[in-house]
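Colleague: Residue strings, one per chain:
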Amino acid sequence: MSANLILATAADGLADLDTYIKAGGYQALRKVLSTNMSQDAIIAEVKASGLRGRGGAGFPTGLKWSFMPRNYDGVKYLVCNSDEGEPGTCKDRDILRYNPHLLIEGMAIAAYAIGAQAGYNYIHGEIFEAYDVMETACETARKAGYLGKNVLGFDFEFDLFNHMGYGAYVCGEETALLESIEGKKGQPRFKPPFPANYGLYGKPTTINNTETLASIPWIISNGGQKFADLGVPNSGGIKLFSVSGHVNNPGNFEVPMGTPFRELLEMAGGVRGGNKLKAVIPGGSSMPVLPGDIMMEVNMDFDSIQKAGSYLGSGAVIVMDETTCMVKALERLAYFYFEESCGQCTPCREGTGWLYRIVHRIEHGDGKPEDLDLLLDLCENIAGRTICALGDAAAWPVQGFLKHYRKEFEYHIEHKRCLV
Amino acid sequence: MINIEIDGKRIETEAGLTVIEAAHKAGITIPHFCYHKKLSIAGNCRMCLVQVEKAPKPLPACATPASEGMKIFTKSEQALKAQKGVMEFLLINHPLDCPICDQGGECTLQDVSVGYGGGASRYQEEKRVVLSKDIGPLVSAEEMSRCINCTRCVRFGNEIGGQLELGQAFRGEHAEILSFVSGTVDSELSGNMIDLCPVGALTSKPFRYKARSWELSRRRSVSAHDSLGSNLAVQTKSNRVLRVLPIENEDINECWLSDKDRFAYEGLNSPERLTKPMIKQDGKWQEVEWKTALEYAANGLRHIANGAGAEQIAALATGNSTLEELYLVQKLMRGIGSENVDFRLRQIDFADGKQEGAPWLGMSIADISRADSLLVVGSFLRKDHPLLAARIRQAVKKGAQLNVIHSVDDDLLMKVENKIIVAPDALVAALEQVVKALDAEKNGTTVEVSKEVAAMARSLSGGGCVGILLGNFAQQHPQARQLQALAQKISAAAEGGFGFIGEAANSVGGYLAQATPGAQGLNAAAMLESPRKAYMLLNVEAELDCANPQQALAALKAADLVIAMSAYKHQATDYADVMLPIAPFTETSGTFVSCEGRVQSFKGAVKPLGEARPAWKVLRVLANLMNVNGFDYDTSEEVRDEVLNDLDVAAKLNNAISEVNMQAAPASAGLQRVSDVPIYATDSIVRRSAPLQATADAANPQVYMHSEELSKVGVQSGAQVKVSQGQGSVTLNAVADDKLPMGVVRVAAGHSSTAALGAMFGSITVERA
Numbered sequence: 000m001s002a003n004l005i006l007a008t009a010a011d012g013l014a015d016l017d018t019y020i021k022a023g024g025y026q027a028l029r030k031v032l033s034t035n036m037s038q039d040a041i042i043a044e045v046k047a048s049g050l051r052g053r054g055g056a057g058f059p060t061g062l063k064w065s066f067m068p069r070n071y072d073g074v075k076y077l078v079c080n081s082d083e084g085e086p087g088t089c090k091d092r093d094i095l096r097y098n099p100h101l102l103i104e105g106m107a108i109a110a111y112a113i114g115a116q117a118g119y120n121y122i123h124g125e126i127f128e129a130y131d132v133m134e135t136a137c138e139t140a141r142k143a144g145y146l147g148k149n150v151l152g153f154d155f156e157f158d159l160f161n162h163m164g165y166g167a168y169v170c171g172e173e174t175a176l177l178e179s180i181e182g183k184k185g186q187p188r189f190k191p192p193f194p195a196n197y198g199l200y201g202k203p204t205t206i207n208n209t210e211t212l213a214s215i216p217w218i219i220s221n222g223g224q225k226f227a228d229l230g231v232p233n234s235g236g237i238k239l240f241s242v243s244g245h246v247n248n249p250g251n252f253e254v255p256m257g258t259p260f261r262e263l264l265e266m267a268g269g270v271r272g273g274n275k276l277k278a279v280i281p282g283g284s285s286m287p288v289l290p291g292d293i294m295m296e297v298n299m300d301f302d303s304i305q306k307a308g309s310y311l312g313s314g315a316v317i318v319m320d321e322t323t324c325m326v327k328a329l330e331r332l333a334y335f336y337f338e339e340s341c342g343q344c345t346p347c348r349e350g351t352g353w354l355y356r357i358v359h360r361i362e363h364g365d366g367k368p369e370d371l372d373l374l375l376d377l378c379e380n381i382a383g384r385t386i387c388a389l390g391d392a393a394a395w396p397v398q399g400f401l402k403h404y405r406k407e408f409e410y411h412i413e414h415k416r417c418l419v
Numbered sequence: 000m001i002n003i004e005i006d007g008k009r010i011e012t013e014a015g016l017t018v019i020e021a022a023h024k025a026g027i028t029i030p031h032f033c034y035h036k037k038l039s040i041a042g043n044c045r046m047c048l049v050q051v052e053k054a055p056k057p058l059p060a061c062a063t064p065a066s067e068g069m070k071i072f073t074k075s076e077q078a079l080k081a082q083k084g085v086m087e088f089l090l091i092n093h094p095l096d097c098p099i100c101d102q103g104g105e106c107t108l109q110d111v112s113v114g115y116g117g118g119a120s121r122y123q124e125e126k127r128v129v130l131s132k133d134i135g136p137l138v139s140a141e142e143m144s145r146c147i148n149c150t151r152c153v154r155f156g157n158e159i160g161g162q163l164e165l166g167q168a169f170r171g172e173h174a175e176i177l178s179f180v181s182g183t184v185d186s187e188l189s190g191n192m193i194d195l196c197p198v199g200a201l202t203s204k205p206f207r208y209k210a211r212s213w214e215l216s217r218r219r220s221v222s223a224h225d226s227l228g229s230n231l232a233v234q235t236k237s238n239r240v241l242r243v244l245p246i247e248n249e250d251i252n253e254c255w256l257s258d259k260d261r262f263a264y265e266g267l268n269s270p271e272r273l274t275k276p277m278i279k280q281d282g283k284w285q286e287v288e289w290k291t292a293l294e295y296a297a298n299g300l301r302h303i304a305n306g307a308g309a310e311q312i313a314a315l316a317t318g319n320s321t322l323e324e325l326y327l328v329q330k331l332m333r334g335i336g337s338e339n340v341d342f343r344l345r346q347i348d349f350a351d352g353k354q355e356g357a358p359w360l361g362m363s364i365a366d367i368s369r370a371d372s373l374l375v376v377g378s379f380l381r382k383d384h385p386l387l388a389a390r391i392r393q394a395v396k397k398g399a400q401l402n403v404i405h406s407v408d409d410d411l412l413m414k415v416e417n418k419i420i421v422a423p424d425a426l427v428a429a430l431e432q433v434v435k436a437l438d439a440e441k442n443g444t445t446v447e448v449s450k451e452v453a454a455m456a457r458s459l460s461g462g463g464c465v466g467i468l469l470g471n472f473a474q475q476h477p478q479a480r481q482l483q484a485l486a487q488k489i490s491a492a493a494e495g496g497f498g499f500i501g502e503a504a505n506s507v508g509g510y511l512a513q514a515t516p517g518a519q520g521l522n523a524a525a526m527l528e529s530p531r532k533a534y535m536l537l538n539v540e541a542e543l544d545c546a547n548p549q550q551a552l553a554a555l556k557a558a559d560l561v562i563a564m565s566a567y568k569h570q571a572t573d574y575a576d577v578m579l580p581i582a583p584f585t586e587t588s589g590t591f592v593s594c595e596g597r598v599q600s601f602k603g604a605v606k607p608l609g610e611a612r613p614a615w616k617v618l619r620v621l622a623n624l625m626n627v628n629g630f631d632y633d634t635s636e637e638v639r640d641e642v643l644n645d646l647d648v649a650a651k652l653n654n655a656i657s658e659v660n661m662q663a664a665p666a667s668a669g670l671q672r673v674s675d676v677p678i679y680a681t682d683s684i685v686r687r688s689a690p691l692q693a694t695a696d697a698a699n700p701q702v703y704m705h706s707e708e709l710s711k712v713g714v715q716s717g718a719q720v721k722v723s724q725g726q727g728s729v730t731l732n733a734v735a736d737d738k739l740p741m742g743v744v745r746v747a748a749g750h751s752s753t754a755a756l757g758a759m760f761g762s763i764t765v766e767r768a
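Residue numbers (numbering that gives the first Met the number 0), protein chains in the order written: chain S, 0 to 419; chain W, 0 to 768.
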């Protein structure tokens, strides 16, 4: 058995209920119910843990839970955002596949804390296996009394429904996700009202990332402060990082917040073929890229990465070695956001395609010197001008790439070929 | 009230407004596309981004609530950069060929781009192409590449029309507006999407490429096609009506028009227009001079008055004739000694003598928006009164409870709280039950009634603003007076108002014009039941406009003299002796008094076609020829003033009815007919509007029956059946409708394919064809 708190592998066998229970599973939920823990006490514990949302925005989880109306006469919902679609990110998939009961337990505790009777787990459309595993896990958990009318025989009702998405990236945006569950086209809602007041089917709703919810049982069992102490100030606990790209041993790694990037890179086997590290996108493809030498001095926590000019995001670390053409890399990223824009807001609907087409032209030897300033101007007109952050997500990579690698783009425009 | 500051201007404005609303109230324009005051906030076009003090980024004015002390900058550097950025994005894929776009000159995108667009585009890539769609005969979606995806059309359908017929499919740059599986848009309010579309994506199919907006003259007018009195802008070029648009009137049609009001004008220049006076000689129709025709008519009338007696002369007019026409027709009749005049052609049970005033809505149209509970009795609400239905829909959304008692259960596209659907002969009993339950509710006693009746009584006795509305069906019903008396009782018990929605533009005006028979006269039904020797018809197509076409045609065919005053050549050629071409409402001045008693006069928008003349002039000359006094009018306004100057209209409106014997309907043996007048069969103009006749609503009538009744006949849904009443029968398609009560056959009236049948109510037989 690994020493990880959340991350498991197939070998751990935790998808099996008995194995999970033998490993101490569902004890946190039992503790909550048997000691009749108050909602305030749970929320206080989560606040103390310093747990911040693992989906990308990093919003303090305890604070989010405290926004839910208390004396609400009606249904409230808990929604787990397993719509892991950010290129580079694949951590939630492993929780769903290899540690489903941990998520169920975490959701049951969260539901208890916010007073929700029903939960939805919105699973990204392309990871069918994860959906099957979750369905089986929910079924066995229901039979064993961990879900349903009287959970573990206590006066607490919570049931959980897995919902398969259809692969739209934008449905990872929490209000688009709610629309999608409601059977509508996945398009973000204008906020306010926020989901805590007007969420799924118009009812108060809390939406948390899979990894966030999977962190809850350990926090309840071991105490919030202990979780916080695992990490660094303002970035409590441990975090899963999906390291991909030009490394020898790509994969998911669970490390304490504040771990130096250098160590994470080593865990992933270092840069492939002994090549030189060129660039890293530290938090998923929408975050600004950082040059390798800057990254080698950065610790993996919210504040350190922000200070270096990017964001921790969802913890998807994309590593690029010296052979990477930055124009081609950006072209691929720009294409992704072009394809995934929902089409609702003008700047994103029209702008993402324009960005992609310009970068595509540059990559294919048709660039013009004025294109680079045009790109930056368009980014300014997209970022911060849309209902959701997809516009930002499309603009930031362009801005990041041009900030650090403008010369490569200029070379491409002038010589109609790659610098590398 | 709160204090805010916009562009340095201090403004006191009411709390709860968005920034764009507050700005507009203060006369400050913020450019926008997706925002519309009547639709939900989408916030998607981003054109209205403004700078707000302390906000890190520009905020959409349409979705940002104005709050105390807020400082807003609509023209600051940050705001302008955002607005110009959005404008540039909107234009990159929009075809920049305004000169060949039908919207050119009245395009919001064009207008706003003058202020916020660049002189040249920085976009060098290929433009997006969106394929054209065919969404029906009214709205053109020919040029969807022009669409800016503001979703106003989608929201209109969903929120105002009550049905989501257009939606935005696909993602990102591929997003496009389309109908569900390439279907047509069938809403009776669909034309409003054309007005709402800020670009040339959705345009008017009949008007397409007919004219430029700046070439059109514009006249205020009033809809002649239902009782609401919608305000119209009739747009003309070269003495021809080319388009009709709404004029905003919050108390009547808001900013909307029904498709009927909007597209009926296409019938104005139909090839069937009667443009020369005609008389029948030796069985042949001949075009003659006005003088000849009028003298012929006058002589004929004089002959019969002097011979058989004036009581052998009858006049029938439709309720969409103007107040002036209706007044002159009755004045002429009375001048020659006949009291036989009526405009209520589809009515068979009259309250004349038992009712003090003119039956009307009983409340203002705007009151309906404030209702807490409504009971609609006997109305094909959506089709008979599309905009009133839309108003009720909004009231229901705000929490009003809608109760329905009717003989059919059509989808009203809104939440119906309680409904009682019974055969026509059980309608009175159903209302009696509600009266009983209401009385019990009031007195705290209990009474044995059905669950639906009890729930309805609870809904109506809940206090607040209560309205009981009687629809066309209730007014055409054989027990219309009993229904009226019961509605009166319900409204008394519920402490609410009650009234009639009214069938035609002048359903109220006809009473004010005294176009109803006096004590010695015959009403519309009686005039045909006991045939007269001479008939004068004003706008009437007897086989389509009368309650019993068989009876009407028999009477007219047997008459010695029929004078048909009509804008169209129609079946009157079979039975008339003189046809006088008169002007439809767009070609004459006149007045309509709407269901709420609102008097609205209008001028002609174009000159009469050919030799057609305004009917008030024709009647004036006819009266002069017959030496009837008091016909010296020079203008229609003089006629109107004679009717209205000494009349307190408000005092004249009165639904109170007394001395009604409640008696059970004669037990009907076999099947009973239920008939609606299809939305595009209501009057002679609408019937000749080609685009309206091409809609789904104008499809050939079918016979609707409960499937069990169909199996009794021995046919399945989709089979042909022979439907008979009296001597007439027609063969139509049978369709199962299990929401109909048993014992009921629904066959439309007012339509040529069912004109061979008899009365709109009563027994009917169905057999295999």
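Quick caveat, the hints were computed from the structure, so don't treat them as lab data. Beta carbons: idealized from backbone N, C-alpha and C, even for Gly. Keep in mind that the hints are not guaranteed to be accurate.
[As the list claims (entries may be wrong)] Derived lysine-lysine pairs resembling DSBU-like cross-links, with alpha carbons at most 30 Å apart:
1. W:K488 - S:K367
2. S:K183 - W:K396
3. W:K353 - W:K396
4. S:K367 - W:K414
5. S:K190 - W:K37
6. W:K414 - W:K36
7. W:K283 - W:K616
8. W:K74 - W:K8
9. S:K306 - W:K616
10. W:K53 - S:K402
11. S:K190 - W:K36
12. W:K24 - S:K202
13. S:K202 - W:K37
[Unchecked claim] Short, incomplete list of chain S residues facing chain W, as computed with Cβ under 7 Å:
14. Y200
15. G201
16. T345
17. R348
18. R356
19. N380
20. H403
Colleague: Which earlier hints can't be squared with this structure?
Modeller: The structure conflicts with hints 1, 3, 4, 9, 12, 14, 15 and 20, although it agrees with all the remaining ones.
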